Amino acid sequence: MTSQANTHWLEDFSVGAVFSGGPRKIGERDLLFCALWGGDGQPHSNEEYSRKTPWGSRIIHGDGTLAMGMGLIHGQGLFAESLTGYKSMAIKYPRPLYIGDEISAQLTIQSIEKSASKSAGTVVGNLKVRNLTKETVVVDATIAYVVRRRH
Amino acid sequence: MPEFKPTGLYFEDYVPGEERLSPGRTITSADIDMFAEWIGDPHSATERAADGRRIVSVAMLVNLTDALFQRLGCVEGTGYCNLGWTWEFRRPVYEWDTVWVRTRWNHTRPSKSIPGVGIVNMTLTLLNQSDEEIASADWNVMMLSRKNRQAWRAA
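Those protein sequences? They're chains C and A, same order as listed.
For the first sequence, the working numbering assigns the number 1 to the initial residue and increments by one for each residue that follows.
For the second sequence, the working numbering assigns the number 1001 to the initial residue and increments by one for each residue that follows.
Check the hints yourself; a few may be wrong.
[What the hints assert, rightly or not] Calculated lysine-lysine pairs in the DSSO-like style (CA-CA distance at most 27 Å, straight line):
(1) K1112(A) / K1147(A)
(2) K1005(A) / K52(C)
(3) K118(C) / K25(C)
(4) K1112(A) / K92(C)
(5) K118(C) / K92(C)
(6) K1005(A) / K1112(A)
(7) K134(C) / K1147(A)
(8) K87(C) / K1112(A)
(9) K25(C) / K52(C)
(10) K25(C) / K128(C)
Rather than coming from a laboratory, the hints here were simulated on the basis of the structure.
Just so it is clear, the structure is predicted and the values come from calculations on it, not from any experiment.
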């Protein structure tokens, strides 16, 4: 089955539905890509500096972790043909993530607004990225997707 | 090891109402393809507008906004942590668009939980080459205070 076949249209979502992805082990390559797009601030790229921070070592970027978490869910093709855009995102990064840790992602559908237009509606989901190694939540994001109806 | 002295703004240096504009960055097909490959979502590299132009994923825009903001230098050695941000997306960004970040400090207050640290609330607006507002974010960032430059160790 191609991942396109996993596409969910507006009618396919239901409140409380849960989509899970992962695990993914975080490596140096991930931190490098985080820095490429998210900036190479010292808490992420300077080990000497990072030792003196409360986190004790370089930490993975929150924004990059959000992106990898979205990748774990979206990469399965959930919105492959149905996504038209995003309305909003409310993002928190409650705990740090380190190289060598493993993450998983879980998207729980919270609400569905079908009346936005004839062709699409809004699906709001809560995305949690968990640090499986430290048993913490590293990303807690509420995302409003604009999703097409089935033709 | 050379002794690093922070060059960023301390909590007290953020004057509400002040604005800064970041450097700009052009987003190419290499960004779109490599980002999609890295996060493991090939579909994010296939989004296109009706006229065929490639659309940049919002996950990348969140990352680029942070990076462009950092290039202002305000948080170099003085940033403490990101308390979270709330985004609103208004229009897409396409391949070959160039984006800038306009930052406005809104208000500040000392942290109740960590001594020597304050919270700066700011609005970040992502702009394109036509000066259109792509997206905006309400952001709370913890910054070190001049009164406690040892906050790293105190926390």
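Q. For the pair supplied as a hint, K118(C) and K92(C), is the alpha-carbon distance within the 27 Å limit?
A. violated, 33 Å
Q: Please work out if K1005(A) and K52(C) have their alpha carbons no farther apart than 27 Å.
A: holds, 13 Å
Q.
Hint check: K25(C) vs K128(C), CA-CA at most 27 Å. Holds or violated?
A. At roughly 16 Å apart (the allowed maximum being 27 Å), K128(C) and K25(C) satisfy the hint.
Q | Hinted pair K1005(A) and K1112(A), Cα distance within 27 Å | A | holds, 26 Å
Q. Under the criterion that the straight-line Cα-Cα distance not exceed 27 Å, is the pair K87(C), K1112(A) satisfied?
A. violated, 32 Å
Q) Is it true that the CA of K134(C) sits at most 27 Å from the CA of K1147(A)? A) violated, 33 Å
Q. Are the Cα positions of K25(C) and K52(C) separated by 27 Å at most?
A. holds, 25 Å
Q) Straight-line Cα separation of K118(C) and K25(C) no greater than 27 Å? A) violated, 41 Å
Q. Between K1112(A) and K1147(A), does the CA-CA distance stay at or below 27 Å?
A. holds, 15 Å
(Q) Check the hint pairing K1112(A) with K92(C) against an upper bound of 27 Å on the C-alpha distance. (A) The given pair, whose Cα atoms are some 19 Å apart, holds under the 27 Å limit.
Hint violations for this structure: numbers 3, 5, 7 and 8, all remaining hints satisfied.
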